[in-house]
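**Q** Listed below are the residues making up each chain.
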Amino acid sequence: MEEDLKTSAKGQILSIRDLPTLPKVLDEVSRLVQNPNTSIEAIAKVISRDQVLSAKVLKMVNSPVYGFPGRISSVQHSLVLLGFNVIRGVIISTSVFDIMSKTMEGLWEHSVGCALATGLVARQAKLKDPEEFSVCGLLHDLGKVVAAVQLPELHKAVGEAVRTQDLRWFEAEKAVLGFGHDRINAWLAQHWHLPATIKEAMSSHHNPERAQFYPLHAAAAHVGDFVVRVFEYGNGGDDQAAPLSEQALKILGLKLTDLDVVLDGFAENLSEVSGVNFSPEDMTPDKGKAN
Amino acid sequence: MEPTLFARQQRGILLSPDPELATLFQSLWDPKELVWTVIGQGRRAMEVIFNEPPDILVVDNRLQDIPSVDVATIVKSENVYRQLPVILCLDPGDLALGWNWNVVEADDFLLRPFAGPEVRERVQLTLCRASRAMDANPLTKLPGNTSIISRIQDLIDRQDDFALAYCDLDHFKSFNDKYGFSRGDEVLMMSARVIVNTIRSFPGIKSFVGHIGGDDYVFIVPAAIAEEACKRVVAAFDDIVPHFYDEDDRERECIVSTDRQGEVRTFPLMAISIAVVFNTGGRLKHYGEASAIAMGLKKKAKENPKSSYVLDRRAE
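Going down the list, the protein sequences come from chains A and B. Counting along the first sequence from 1, when you hit position 111 you're at 111 in the working numbering, and nothing is skipped either side. Counting along the second sequence from 1, when you hit position 8 you're at 8 in the working numbering, and nothing is skipped either side.
With the rest of the complex left out, here is chain A:
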């Protein structure tokens, strides 16, 4: 029975045609792509703050049509390789959530914050290509967005379980669906030919010690997720702190004192990403906790 649900849910998830985003970033990018003099860098900077738009360009550039599936893990590179026309096409064909955007805002902030934190973790661990790690952080909860779009009833039931049973979102997913967003992430990353590094981070950020090929990416996203939750910036669906895997720090070669540096860096740089207000007219003090 459970297997049946998983199979049909997987089919639903992978059949996703239209992945909507929130209006704020989309409006900004739409404005940018209308001007042919806009630089790719400027567009990349804005798209990097939106998990859905980033996922869309990475999916496209890694599709077999372009001839190098699974190779490109940076938004900037994706845009260089796709070119202005294709980017414009992606942007104009992207829709926005009509009803859910309030509940989604917290998740968007959580993801952008996680991108920042994961990038800082990678820098602290002196890893090459910190940008790639930021992408891992940005996309670590993409499965939650896709589930909300493709399995709205089940998604609602998960939210219900979080509230009534005092569960973490990840635990509630397992209780309701039988699998978590980490599994959904793995399906999506595989189906979209995303690079193996991103796939591993997306599918193993809850259990970095189980990462098979790219434990660094999974561990960095894990620690990034922890950091952004410590700051209670945004909302991944629940407001519980995630347990920090000691193993993750070990994989990255970081000590707890390194974590302090990351936390300080996050506090310093938060204003940069939180400048992306998802609802500028709604600047209440507890705006991070949307759910």
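It is worth saying that the hints were derived from the structure and are not from the lab. Careful: at least some of the hints might be erroneous.
Claimed, not checked - Below are the EDC-like pairs computed for lysine to aspartate or glutamate, each with C-alpha atoms no more than 20 Å apart in a straight line:
id : chain 1 : residue 1 : chain 2 : residue 2
1  : A       : K128      : A       : D258
2  : A       : K128      : B       : E121
3  : A       : K128      : B       : E253
4  : B       : K178      : B       : E121
5  : A       : K10       : A       : E153
6  : A       : K128      : B       : D248
7  : B       : K231      : A       : D258
8  : A       : K126      : B       : E253
9  : A       : K6        : A       : E153
10 : A       : K126      : B       : D239
11 : A       : K128      : B       : D246
12 : B       : K298      : B       : D216
13 : A       : K59       : B       : E186
14 : A       : K126      : B       : D249
15 : A       : K128      : B       : D238
16 : A       : K128      : B       : D239
17 : A       : K126      : A       : E246
18 : A       : K126      : B       : E247
19 : A       : K45       : B       : D239
20 : B       : K32       : B       : E121
21 : A       : K128      : B       : D249
22 : A       : K126      : B       : D248
23 : A       : K128      : B       : D185
24 : A       : K126      : B       : E251
25 : B       : K299      : B       : E289
26 : B       : K285      : B       : D312
27 : B       : K302      : B       : D216
Said to hold, decoys possible - Residues from chain B that face chain A, not an exhaustive set, calculated with beta carbons under 10 Å:
id : residue
28 : R183
29 : E186
30 : M190
31 : V196
32 : T198
33 : P203
34 : K206
35 : S207
36 : I240
37 : F244
Using N, Cα and C, we set each Cβ at its ideal position, and we do this for glycine too.
Knowing the structure of chain A, use the given hints to seat chain B on it.
**A** Below, chain B without anything else, positioned relative to chain A:
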């Protein structure tokens, strides 16, 4: 007068025993544009076709001595002739025979009764389509040599000012040897996208990008932006290419492989070299001059193991 579709006179062969059809075809084009040779028997025509392949072949299904399908199959099964477009002429009754277009590799068909204007446009469309398909690089789908040469010669003839850049990849062969052809093709596809999108990122300019073959590309831009275009291509290429290596090689920033003599050798990561020739004040007369100058410059660009560009300063 309307601009002609074709750079030179086109030659067509019509295989048909039907004199009316022959008259129709010959009346539809000025022979300076497209000249038809009509042959009434199929078998005899084969040798003519093989010796002097026309630009287009039209085969009437009313041929007595050989089915039109066989003519098409013979032509299309030889790699040197298969680019030759073939149009079949059918009677309405022929349609009922059942046509497997995977087996009959014709490019189009015409149906009796023939309408002159339609025949004319169909034949011209088929010719244009064939020249596009023939010339595009099969991997990147960028215009190939024929288009590149005719574009350059055209600009030279019009005495337009332009910069012609030849790009090629350094150490592509060692990458191919270690990682195999399909990984090599990935790099060629990536390079094509980098060049095309970099050139297109200059709004409102006339430009052209072609793929000579292998790891050789050209682009044409206005002289004023040539250097900036080179800088951007080099920067984007250098930024992206490490991601096409496996992690250990990327980490090491070189590849280690064993050559045929069993010696271990290291090769740097791939780089892009660009040689730019300027045509200012109509100094070039022929395409060959441009490529000869570029080849000389390329040697200079290649002396640098990193990505680099060399501009032909003699022009200034």
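**Q** Hint by hint, note whether the structure agrees.
**A** Hints, verified against the model:
1. A distance of roughly 17 Å separates the Cα atoms of K128/A and D258/A; the hinted pair therefore holds under the 20 Å criterion.
2. A hinted pair counts as satisfied when its Cα atoms are at most 20 Å apart, and K128/A with E121/B does not qualify at roughly 58 Å.
3. A distance of roughly 12 Å separates the Cα atoms of K128/A and E253/B; the hinted pair therefore holds under the 20 Å criterion.
4. This hinted pair does not check out: K178/B and E121/B have alpha carbons roughly 50 Å apart, beyond 20 Å.
5. With a C-alpha separation of about 15 Å, the suggested pairing of K10/A with E153/A holds against the 20 Å cut-off.
6. In summary, the hint linking K128/A to D248/B is supported, as the alpha carbons are separated by about 12 Å, within the 20 Å threshold.
7. Of the supplied pair hints, the one linking K231/B and D258/A is violated, its CA atoms being roughly 39 Å apart against a limit of 20 Å.
8. A distance of roughly 17 Å separates the Cα atoms of K126/A and E253/B; the hinted pair therefore holds under the 20 Å criterion.
9. About 15 Å separates the Cα atoms of K6/A and E153/A, which keeps this hinted pair within 20 Å; it holds.
10. Of the pairs offered as hints, the one joining K126/A and D239/B holds, with about 19 Å between alpha carbons and a cut-off of 20 Å not exceeded.
11. This hinted pair checks out: K128/A and D246/B have alpha carbons roughly 14 Å apart, not beyond 20 Å.
12. About 11 Å separates the Cα atoms of K298/B and D216/B, which keeps this hinted pair within 20 Å; it holds.
13. Taking the CA atoms of K59/A and E186/B, the gap is near 16 Å; set against the 20 Å cutoff, the hint holds.
14. For the suggested pair K126/A and D249/B, the alpha carbons sit about 18 Å apart, so the restraint of at most 20 Å is met.
15. With a CA separation close to 15 Å, the supplied pair K128/A and D238/B stays within the 20 Å bound.
16. Between K128/A and D239/B, the direct Cα distance comes to roughly 13 Å. Compliance with the 20 Å bound is thereby established for this hinted pair.
17. Between K126/A and E246/A the CA atoms are separated by roughly 19 Å; this keeps the pair inside 20 Å, and the hint holds.
18. At most 20 Å may separate the alpha-carbon atoms for a hinted pair to count; K126/A and E247/B meet this at roughly 16 Å.
19. For the hint pairing K45/A with D239/B, the CA-to-CA distance comes to about 17 Å; that is within 20 Å, so the pair holds.
20. For the hint pairing K32/B with E121/B, the CA-to-CA distance comes to about 17 Å; that is within 20 Å, so the pair holds.
21. A C-alpha spacing of about 13 Å is found between K128/A and D249/B, which places the hinted pair at or below 20 Å, so the restraint holds.
22. Our distance criterion of 20 Å between C-alpha atoms is met by K126/A and D248/B, whose separation comes to about 17 Å.
23. As the CA atoms of K128/A and D185/B are separated by approximately 26 Å, the hinted pair breaks the 20 Å bound.
24. Distance check on the hinted pair: K126/A and E251/B sit about 13 Å apart at the alpha-carbon level, within 20 Å; holds.
25. The straight-line distance between the Cα atoms of K299/B and E289/B is roughly 16 Å, inside the 20 Å bound, and the hint therefore holds.
26. Taken as a hint, the K285/B and D312/B pair is honoured in the structure, with Cα atoms around 16 Å apart against an allowance of 20 Å.
27. Only pairs whose Cα atoms come within 20 Å are accepted, and K302/B paired with D216/B is accepted, the gap being roughly 13 Å.
28. Annotation: R183/B was flagged as interfacial toward chain A, and the flag holds, the nearest CB pair being 9 Å apart, inside 10 Å.
29. With a cut of 10 Å, the hint placing E186/B at the interface with chain A holds, because the nearest CB-to-CB distance is about 4 Å.
30. Interface hint status for M190/B: upheld, as the beta-carbon distance to the closest one in chain A is roughly 5 Å, under 10 Å.
31. Given the 10 Å rule on beta carbons, the hint for V196/B holds: about 7 Å separates it from the nearest Cβ of chain A.
32. Nearest Cβ of chain A to the Cβ of T198/B: about 8 Å, under the 10 Å cut. The hint holds.
33. For P203/B, the suggested interface contact is upheld, since its CB lies about 4 Å from the closest CB of chain A, less than 10 Å.
34. Hint status for K206/B relative to chain A: violated, with the closest Cβ pair at about 15 Å, above 10 Å.
35. Taking 10 Å as the C-beta cut-off, the interface hint given for S207/B is violated, the closest approach to chain A being about 13 Å.
36. Using the Cβ-Cβ criterion of 10 Å, the hint placing I240/B at the interface with chain A is satisfied: the shortest such distance is roughly 5 Å.
37. A hinted interface residue such as F244/B counts as satisfied when its beta carbon comes closer than 10 Å to some beta carbon of chain A; here the least separation is about 6 Å, so the hint holds.
Checked against the numbered hints above, the structure violates hints 2, 4, 7, 23, 34 and 35; every other hint is satisfied.
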